[in-house]
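Asker: So the protein sequences, as listed, match chains A and B.
Terminal number for the first sequence in the numbering used here: 379, no gaps in between.
Terminal number for the second sequence in the numbering used here: 17, no gaps in between.
Hints are computed from structural coordinates only; laboratory data are not their basis.
Note that beta-carbon positions come from the ideal geometry of N, C-alpha and C, so glycine has one too.
Be a bit skeptical, because a hint or two may be false.
[Unchecked claim] Pulled a few chain B residues facing chain A out of the computed Cβ check, cut under 7 Å: (1) M1; (2) K2; (3) I3; (4) L7; (5) L8; (6) A10; (7) I11; (8) G14; (9) V15.
[To be verified] Dumping the calculated DSS-like pairs for lysine-lysine here, alpha-carbon to alpha-carbon at most 30 Å: (10) A/K27 - A/K158; (11) B/K5 - A/K27; (12) B/K2 - A/K266; (13) A/K353 - B/K5; (14) B/K2 - A/K2.
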Amino acid sequence: MKVLSSLACNLDADILLAALPLLEAEKVQAIEWSFDTLYQVREVPPWFTELLQEFGNAGRLIGHGVFFSLFSGKWSAAQQDWLDRLKSLSNTFTFDHITEHFGFMTGADFHAGAPISLPCTPVTLAIGRDRLRRIYDACQCPVGLENLAFSYSLEEVKKHGDFLLQLVEPINGFIILDLHNLYCQSHNFGLDADALLQLYPLDRVREIHISGGSWEDSPLLPGRQIRRDTHDDAVPNEVFQLLEYAMERCPNLKFVVMEQLGAGLKTEASRRLFQQDFDAMDAIVRRHEPPEQNINSFLPAEHPPLGQPVEDALLQQQQQQLSRILENAPGYADAQRLLSASNLAHTAWEIEKWEPYMLETALRIAQKWKKGFPLSVGS
Amino acid sequence: MKISKSLLQAILVGVTI
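Model the full assembly from the supplied sequences, consistent with the hints where possible.
Answerer: Below is the structure:
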C-alpha cells in the first residue's frame, strides 16, 4: 500500500501559513490533527472543519491525542469527558486511526503537564490496556501509541519497545514510531540509533513521526548536551537517514507525518525551511517501494463489553509524589533527596538507577509545561 | 491531495486576519 506524506495540521495560524503552499501544490497526502487541543477555542472556523472533512472523506485524516494521560492510576471524570468528545468527533469526522502518547501527565490540571515515563509492571500494563480498549470503544477505528522521547535509564530505553508491544497487542493496536524521539534516546544514552530501532516491534508500525528539536546544556554532563524533543526547529539530517532506514523495515507503514509547533514558524525563513523539510521527507517516501498490501488491519478481533475502569491507589500516590517533586524541586539534588524519601524508593520505579542528567532534564520538562501547552489559535 | 481553491482561499483569509 502506498505510504502517504502527511503533515501535523492544527488550528494554528503559523502552522497553517507554513503549510498553505504545500497544500496548494497538492503535496500533502494526509493530515494529522491533535483533536483534543481545541479546548480553549470558542468556535472552530468553518474552513478548518471543511479541511478536516475533505481529508477525512478521502480516508486521509488521522487523530493524535495529547491530554488523555493513559497511565493515570486513578480514573477521572476528565478522562471520561475526553472519550465522550472523541466519540462525538468520530461521528463528525472520519478518522483512519487514533493515537495517544505513552506515559502519564504530571499536571494536576487535565490540560497541563508533560507525559512522563513509568515502569512496566502488571499494574501499569493492566491500566494501559484498559485505557486503550476505552479509546477503541470511543472511536471504533485502529488505535496506536507513540514511543516517548524521554527515559530515566538505559535499561528503561531498551525495554520500551517491548512494553509498547504488550500494551497494544490485546486490541491489535499499532505503534507510532517517532524517529526524533528515538534520536533523542539514542543521543542521550549513547546508543546506536539503528540498533535501538531493532528493539521495537517494527511490524506494528503504522505511522512514523519526524520532527526537529533542540540541544540543552547540563551542568551534570560537562562537554555533552541533552537532546530535547521540542518540535521547534528543522528536522536534523540524522532523522532523515533514520527515516530511510526505518521505512524498509516497517511492512505495515501507512503514514509518515512531519510535526512542528507554530512557535517555531514565526518567520518567513523558518516557514521556507519547514517546506523544504517536507519536500525532503516526501522525496524519501516517494522513493520507497512498499509491499503490495498491508498485512495488518490493526482492528481488534473481538471487543468484549467494558467493565469498571482499572485503578490502583498506590500507583496514583506514586504519580502524585513524582509530579509534585518534578514540578517544584529547585534542583536535581533536592529532587533526588525527596525521591529517596518517597514511596517510589526501592520499587519497580528503580529511581536508584535514574541517570542524574535525565532527572535534571525531567525537572526542566515538568516545570516548563506545568502551566499548559501553547496549542491554541495564533499562539 | 487536491483541495479546492475556495477552501485554500478561505484558509488563507482565516489565518491572515
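Asker: Hint numbers the structure violates, sorted upward?
Answerer: The structure breaks hints 10, 13; every other hint is satisfied.
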